[in-house]
Amino acid sequence: MKRKIIREVLLIVGLAILLGFVFTFITKQGFFSNKSSSNSSVKNSLEIIPLQKAKELFESKEALFIDSRHEFEYKLGHIEGAINIALNELESKSTQLDSIPKNKLIIIYCDGADCNSSVELGVKCLESGFTNIKIFFGGWQEWKNANFPIVK
Amino acid sequence: MKSLLSNPIFILIVRVFLGGLFVVSSLDKIIYPEAFTVSILNYKVVDETFAILTATTLPWLELICGFLLIIGVYSRTSALILTTLLMGFTILIVSALIRGLDISCGCFTQDPNAEKIGYRKILENVGFILMGVYLVFAKVEGITLLQVLRKKSDFPPSLS
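Taken in sequence, the protein lines are chains S and U.
Take the first sequence: its letter number 137 is residue 153 in our numbering, and every next letter is one higher.
Take the second sequence: its letter number 63 is residue 56 in our numbering, and every next letter is one higher.
Simulated from the structure, these hints should not be mistaken for laboratory data.
All C-beta atoms, glycine included, are put in the ideal place defined by N, C-alpha and C.
Please note that the accuracy of each hint is not assured.
[As the list claims (entries may be wrong)] Quick list of in silico lysine-lysine cross-link-like pairs, DSS-like style, CA-CA up to 27 Å:
1) S/K77 x S/K109
2) U/K109 x S/K168
3) U/K37 x S/K91
4) S/K91 x S/K160
5) U/K37 x S/K71
6) S/K44 x U/K37
7) S/K150 x U/K114
8) U/K109 x S/K140
9) S/K71 x S/K91
10) U/K37 x S/K109
11) S/K140 x U/K37
12) S/K20 x S/K44
13) S/K160 x U/K37
14) S/K20 x U/K132
15) S/K168 x S/K109
16) S/K71 x S/K118
17) S/K91 x S/K109
18) S/K160 x S/K71
19) U/K37 x S/K168
20) U/K114 x S/K91
21) S/K109 x U/K109
22) S/K18 x U/K114
23) S/K120 x S/K109
24) U/K109 x S/K91
25) S/K77 x S/K120
26) U/K37 x S/K69
27) S/K118 x S/K69
28) S/K44 x S/K140
[Stated by the list, open to error] Label-pair ranges, simulated between beta-carbon atoms:
29) S/V29 x U/I91: 28 to 38 Å
30) S/G93 x U/L(-2): 46 to 56 Å
31) U/I6 x S/V167: 31 to 41 Å
Extracted from the complex, chain U is given alone in its bound form (with noise of 0.2 Å):
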């Protein structure tokens, strides 16, 4: 468990992997903030003003966090801030269900047609929850785009 935790070519998958998912998830967001307004409104928990705040603001965080978890830089932390992300995702998703809600995710797309919430959905978070847990606890800082570029000294041996 240790060595996986500190594994530097498994650490690099999970986080450009997850870094990689939220650059794509952000995208259709950032270009549609007015379907996302709607999409957060579909879950019937906040105003209308805090949708269009959320709207504005999320999608950016989202693509902030994901490239810094790709680049290597401030790993631990854009890990910690999207796995709250998805913790929250995942109840909004779950109260949903609960109320009976037959309503578009607006993860990946904001076509309201396109992937319903639903078990699946949950089980997909929960998997992404893993995910960043374990790069919030790993030992993140091992590989990074700046080391790459300035070639430093202490490079981990097992990728040079």
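The following block holds chain S by itself, in its conformation from the complex (with noise of 0.2 Å):
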């Protein structure tokens, strides 16, 4: 009985795997999209800086601060200065990105290490046009316990 079920549950599984594998590979998505190949290069374009780069950028004022984490998460803290754009609301807040010159250096961050939110929003707005972003990517937590200026 228990040889007859392992025996079925890895003939659905094996079944689920390849037909996901075939379906994804005729409509060009998932590991077979070709945006996702774009994107890495794209990423790799991506300049990453550690937390004594941000907090110098921060202080010369030169630098747009975006928080990329969800609204809630922003609301209950954020670097001084940040505007909120959560990678999921990017087409509602496309106006907000609009009005931001293309040359203007911007930071993106999200909650830390373990996040990737802040990289996704990067990859979109260099596919936008934007030339000068830079990815903080110990992001608010690394921030944070860094004392920093930081908005409650």
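Now that you have both chains on their own, put them together as the hints suggest.
And the structure:
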């Protein structure tokens, strides 16, 4: 009985994997998406900056900080002067993004090293024509732990 | 209780409901795997490669199990897989709520503004898990599409 169930589970899971890969291959999505390969090259052109560099640029007041976390998290606390453009609200906030000069130095951050919405938003900004995008990968957690200026 | 576990009509209703639910929920994920990848990444527990792999295969697993549950082939195994998936989803939702994440569930639609995770979603999932557990232990082979097609003589008398 147990062996029969294991055999059936393997059959169903195997079929699901096969169909999933065949479908995404045909529709050019997921692993087979052209967009993701072009995204990878765009991602490679994004500059990742450490905490101290982010702080220097913050003090120079040349950079605009963009918080890519959800509005809920942004409201709980964010880097002083940062604006909130969450990755999933990009379309609704496109006018906000359009009002920023394309050559403006933009530093995007999210929660910390275990999130990637800052990189994803950076890719979208580069694709929209922004030329000076940097990613502060340490993000909110690193900034907050360093006791740098925040707004709560 | 014993009669409920062998009641073919009740089993059929639960099977078709749970199967239909997973078939419907899989469609949006199959059509928009990249949106589903983002939904998975929002939970902040896996990296991008694993999220793409999950978004590629998981909706098909839901579709196949849902379909098998409806037609009554490999019903117990399908119920077992779906129940395991539901338990996994519920643990993920609970962990996201504990971490204070305000994210959409990604369960039925990939619209980021729809169906935010919350305690209602957990209760809903617990209900579905109970249905799944019921099907694992019930005599699910009571009525199957194959039996209907083959017009087997051992077709349950209560349904004939």
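Hints and how they fare:
| no. | hint | in the structure |
| --- | --- | --- |
| 1 | S/K77 x S/K109 | 23 Å, holds |
| 2 | U/K109 x S/K168 | 24 Å, holds |
| 3 | U/K37 x S/K91 | 19 Å, holds |
| 4 | S/K91 x S/K160 | 14 Å, holds |
| 5 | U/K37 x S/K71 | 26 Å, holds |
| 6 | S/K44 x U/K37 | 25 Å, holds |
| 7 | S/K150 x U/K114 | 37 Å, violated |
| 8 | U/K109 x S/K140 | 24 Å, holds |
| 9 | S/K71 x S/K91 | 21 Å, holds |
| 10 | U/K37 x S/K109 | 23 Å, holds |
| 11 | S/K140 x U/K37 | 20 Å, holds |
| 12 | S/K20 x S/K44 | 36 Å, violated |
| 13 | S/K160 x U/K37 | 19 Å, holds |
| 14 | S/K20 x U/K132 | 16 Å, holds |
| 15 | S/K168 x S/K109 | 22 Å, holds |
| 16 | S/K71 x S/K118 | 22 Å, holds |
| 17 | S/K91 x S/K109 | 16 Å, holds |
| 18 | S/K160 x S/K71 | 12 Å, holds |
| 19 | U/K37 x S/K168 | 23 Å, holds |
| 20 | U/K114 x S/K91 | 24 Å, holds |
| 21 | S/K109 x U/K109 | 20 Å, holds |
| 22 | S/K18 x U/K114 | 32 Å, violated |
| 23 | S/K120 x S/K109 | 17 Å, holds |
| 24 | U/K109 x S/K91 | 18 Å, holds |
| 25 | S/K77 x S/K120 | 11 Å, holds |
| 26 | U/K37 x S/K69 | 26 Å, holds |
| 27 | S/K118 x S/K69 | 21 Å, holds |
| 28 | S/K44 x S/K140 | 20 Å, holds |
| 29 | S/V29 x U/I91: 28 to 38 Å | 29 Å, holds |
| 30 | S/G93 x U/L(-2): 46 to 56 Å | 53 Å, holds |
| 31 | U/I6 x S/V167: 31 to 41 Å | 54 Å, violated |
Of the numbered hints listed earlier, those contradicted by the structure are 7, 12, 22, 31.
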